[in-house]
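**Student:** Sequence:
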Amino acid sequence: MTSALEKCARGLDAIVEACGWVAAWTGFALVLVMAGNVLMRYAFNTGSVAMQELEWHLMAPLTLLCIAYTIKHEGHVRVDILYARLPLRVRQGIDLFSALSVVALSVIIIFLSWRYVMQSYRIGEGSPDPGGLPYRFIIKAMIPAGFVLLLLQSLAATLRALLPFLGGEAEPPAQVPANAVQ
Numbered sequence: 021m022t023s024a025l026e027k028c029a030r031g032l033d034a035i036v037e038a039c040g041w042v043a044a045w046t047g048f049a050l051v052l053v054m055a056g057n058v059l060m061r062y063a064f065n066t067g068s069v070a071m072q073e074l075e076w077h078l079m080a081p082l083t084l085l086c087i088a089y090t091i092k093h094e095g096h097v098r099v100d101i102l103y104a105r106l107p108l109r110v111r112q113g114i115d116l117f118s119a120l121s122v123v124a125l126s127v128i129i130i131f132l133s134w135r136y137v138m139q140s141y142r143i144g145e146g147s148p149d150p151g152g153l154p155y156r157f158i159i160k161a162m163i164p165a166g167f168v169l170l171l172l173q174s175l176a177a178t179l180r181a182l183l184p185f186l187g188g189e190a191e192p193p194a195q196v197p198a199n200a201v202q
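Numbering (this note's numbering), first residue to last: 21 to 202.
Source of the hints: derived by calculation from the structure; they are not laboratory data. These numbers come from a predicted model, not from an experiment. No incorrect hints appear here.
Simulated DEER-style distance windows between Cβ atoms:
| no. | residue 1 | residue 2 | range |
| --- | --- | --- | --- |
| 1 | Ala44 | Phe64 | 29 to 37 Å |
| 2 | Ala24 | Ala63 | 53 to 61 Å |
| 3 | Arg105 | Ala70 | 52 to 60 Å |
The beta-carbon is built from N, C-alpha and C at its ideal position, and this holds for glycine as well.
Construct the entire structure; sequences and hints are all you get.
**Tutor:** Printed below as a string of structure tokens:
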């Protein structure tokens, strides 16, 4: 049973990994759009409302879809002053409680944000600015999408946190490469 849990957790990790990799490329697109906007503004004394709005349309997937990816790779801020001094079984219990709490939070945010996105879709919401981007619901849809990925990552963490309680061995967290900036 523990190998089935780990296999399922790896499958969820693979989804988060792929989505995080794709979303990270929006960072490159964001840099290009911002550089283009600056060039247009200062070199040609012109600009585009749509291109300015595209900047924050690219920022939404970059931030919301990469939350789960960051947590998967242990890139988030953690305060381990007390945690590291606790007995192993208590730390395992904290890990399980934390993962289940994030599952619950993700479900709540997905539920609450879905109506928000659907309302935007139904009314055909677009930019209120002349020349702005249409289809505002796409950017709003990044909220539930980001939390669906966080839910998947939290489910993977929950499965891994359950392993020690079911007689299996806990998998160590993802390691940060030695050459990564700390």
